[in-house]
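Engineer: Under the numbering used here, the first residue of the sequence shown carries the number 197, and numbering increases by one thereafter.
Keep in mind that a hint or two might mislead.
[Unchecked claim] Derived DSS-like pairs (lysine-lysine); straight-line CA-CA distance at most 27 Å: (1) K290 - K223; (2) K255 - K288; (3) K323 - K288; (4) K255 - K323; (5) K210 - K323; (6) K210 - K223; (7) K223 - K255.
[What the hints assert, rightly or not] Each pair of labels, with its calculated beta carbon distance range: (8) K288 - T259: 43 to 53 Å; (9) T259 - Q319: 15 to 25 Å; (10) T316 - H224: 21 to 31 Å; (11) H300 - W247: 33 to 43 Å; (12) E254 - T318: 15 to 25 Å; (13) L314 - F281: 14 to 24 Å; (14) N231 - T311: 32 to 42 Å; (15) D218 - E269: 29 to 39 Å.
Because the hints were derived from the structure by calculation, they are not lab data.
Glycine residues also receive a C-beta, built at the ideal position from the N, C-alpha and C atoms.
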Amino acid sequence: MPAINEIDLDDFNKIMNNRLFDFWLIKHAPLIHNNESYIMLPNGLQYTRQWMNHIMGEKMVETMFEFARKFNELNLTQEEYALIFPIVICVKDKNLNDQETVHHIQCCYLYSLYTQMLTTRTQLEAKTVFRNLLQ
């Protein structure tokens, strides 16, 4: 990813460790649909909502499913979806040594995402989707 090499290595390690669940949920959100999970485990079993409730608890699972529902409703293109990951990497974190560099990188990716949205949507639609994404 362009500009990621500008992030301090210690900060990058903190980011990766702190955002692992965020990445996992964004990656798997398209597999959470109609109040069910269609995520397949490496052993071939389906990681159903029922199993999620047993492992993580109903409150956490409900939050995950609500996030997935809202995320899926954005109907992002593949290009837009790909730009989400660097934006998440650069989410504000007071534990980072060089917050300013991370913030500048995020601004560049946010601009890229909005510009990309304008190629497939009207300006009003792009603004609406962009605003909803940032909530």
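Engineer: Is it true that D218 and E269 lie within 29 to 39 Å of each other by Cβ?
Structural biologist: Between D218 and E269, where Cβ atoms are some 18 Å apart, the hint is violated.
Engineer: Using the C-beta atoms of L314 and F281, is the stated range 14 to 24 Å upheld?
Structural biologist: holds, 20 Å
Engineer: Please check whether T316 and H224 have a Cβ separation lying inside 21 to 31 Å.
Structural biologist: Holds - the Cβ-Cβ distance for T316 and H224, about 24 Å, lies within 21 to 31 Å.
Engineer: Would you check the hint for K323 and K288, treating anything up to 27 Å between C-alpha atoms as holding?
Structural biologist: holds, 22 Å
Engineer: Checking one constraint from the list: CA of K210 to CA of K323, max 27 Å. Satisfied?
Structural biologist: violated, 31 Å
Engineer: With a cut-off of 27 Å on the C-alpha distance, tell me whether K255 and K288 pass.
Structural biologist: The hint holds at about 25 Å.
Engineer: At the C-beta level, are K288 and T259 separated by a distance inside 43 to 53 Å?
Structural biologist: Roughly 21 Å apart at Cβ, these two residues miss the hinted range, so it is violated.
Engineer: Keeping to a limit of 27 Å between CA atoms, is the pair of K210 and K223 held or broken?
Structural biologist: Roughly 20 Å between the alpha carbons, so the hint for K210 and K223 holds.
Engineer: Should the hint that H300 and W247 are 33 to 43 Å apart at their CB atoms be regarded as holding?
Structural biologist: Given range 33 to 43 Å: holds, Cβ gap about 41 Å.
Engineer: If I claimed the Cβ atoms of E254 and T318 lie 15 to 25 Å apart, would that claim hold in this structure?
Structural biologist: violated, 39 Å
Engineer: Verify the proposed pairing of K255 with K323, using a straight-line Cα cut of 27 Å.
Structural biologist: violated, 31 Å
Engineer: Taking 27 Å as the top limit, are the C-alpha atoms of K290 and K223 close enough?
Structural biologist: holds, 25 Å
The structure does not agree with the numbered hints 4, 5, 8, 9, 12, 15 stated previously, though it agrees with the rest.
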